[in-house]
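J.: For reference, the chains in residue letters:
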Amino acid sequence: SAVISQKPSRDICQRGTSLTIQCQVDSQVTMMFWYRQQPGQSLTLIATANQGSEATYESGFVIDKFPISRPNLTFSTLTVSNMSPEDSSIYLCSVSGARTTGELFFGEGSRLTVL
Amino acid sequence: AQRVTQPEKLLSVFKGAPVELKCNYSYSGSPELFWYVQYSRQRLQLLLRHISRESIKGFTADLNKGETSFHLKKPFAQEEDSAMYYCALSRGGGFKTIFGAGTRLFVKA
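In the order they appear, the protein sequences are chains A and B. All residue numbers for the first sequence refer to the working numbering, where the first residue is 1 and numbers rise by one. All residue numbers for the second sequence refer to the working numbering, where the first residue is 116 and numbers rise by one.
Check each hint, because a few of them may be wrong.
What the hints assert, rightly or not - Pairs of lysine-lysine residues, derived as DSBU-like cross-links and limited to a Cα-Cα distance of at most 35 Å, are as follows:
no.	chain 1	residue 1	chain 2	residue 2
1	B	Lys211	A	Lys65
2	A	Lys65	B	Lys124
3	B	Lys180	A	Lys7
4	B	Lys211	A	Lys7
Stated by the list, open to error - Label-pair restraints from in silico Cβ distances:
no.	chain 1	residue 1	chain 2	residue 2	range
5	A	Gln22	B	Ser143	29 to 39 Å
6	A	Gln22	B	Phe210	19 to 29 Å
7	B	Glu194	A	Ile63	26 to 36 Å
8	A	Arg111	B	Ile171	45 to 55 Å
9	B	Lys130	A	Arg15	42 to 52 Å
10	B	Gln193	A	Asn82	27 to 37 Å
11	A	Ile12	B	Lys130	37 to 47 Å
12	B	Ser155	A	Asp11	13 to 23 Å
Hints in this document: simulated from the structure, not taken from any laboratory. Owing to the predicted nature of the structure, the values given are computational and were not obtained by experimental measurement. Glycine included, C-beta positions come from ideal geometry on N, C-alpha and C.
The following block holds chain A by itself, in its conformation from the complex (with noise of 0.2 Å):
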């Protein structure tokens, strides 16, 4: 298994800002994962972190709007650039687990809030 810890676990933003979420996980992983949970909404996937080269964004999230970094196999970070109240979701990192499994280990998430 694997515990993952993420910062801030909640915050309340002004629209045009942008918030810098971090992911530290407390052993080397290969695969992190970014996902969107919109208010009654299911989890989206908005990227997969890779280390030392771009993020793979799904269909609909760009990376001038989520960049992504993952320096090394335990952190990564994403942020939400210029955000809207359209942003307001609890944003989730993930891992996953042995290659064989395919589980995935969540954080507790990040909700934010744009006013």
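Assemble the complex: chain A is given as a structure, and chain B must be docked to it using the hints.
T.: Coordinates of chain B only, in the frame set by chain A:
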């Protein structure tokens, strides 16, 4: 395209009654299917995976490739089963996972 469908947003049953949470998927290859659960004020966690064919907390789920379904079942629901349940699909091996909309299970005393 990959898709996971959970038709019920809310399912309410009495304690001791059987419960079935429905999940259908769309995928052209051989997916790995999972059920994740989120209890109140806890993080999302794996409940069970189809490849293990195990029973966790009395829950089972059988992959039916003909019907492309992976319904979650428990013969006797308990109050502590009240939670949000997500069906998920992955190509496995750490590839990206997509989630259904989720079903909130409420077990009444």
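J.: Next step is simple, just say for each hint if it's right about the structure.
T.: Consistency of the hints with the structure:
1. B/Lys211 / A/Lys65: 20 Å, holds
2. A/Lys65 / B/Lys124: 30 Å, holds
3. B/Lys180 / A/Lys7: 40 Å, violated
4. B/Lys211 / A/Lys7: 23 Å, holds
5. A/Gln22 / B/Ser143: 29 to 39 Å: 37 Å, holds
6. A/Gln22 / B/Phe210: 19 to 29 Å: 25 Å, holds
7. B/Glu194 / A/Ile63: 26 to 36 Å: The hinted range 26 to 36 Å is violated for B/Glu194 and A/Ile63, with Cβ atoms some 45 Å apart.
8. A/Arg111 / B/Ile171: 45 to 55 Å: Roughly 28 Å apart at Cβ, these two residues miss the hinted range, so it is violated.
9. B/Lys130 / A/Arg15: 42 to 52 Å: 46 Å, holds
10. B/Gln193 / A/Asn82: 27 to 37 Å: At 46 Å between Cβs, range violated.
11. A/Ile12 / B/Lys130: 37 to 47 Å: 39 Å, holds
12. B/Ser155 / A/Asp11: 13 to 23 Å: 22 Å, holds
Hint compliance for this structure: hints 3, 7, 8 and 10 are broken, all remaining hints hold.
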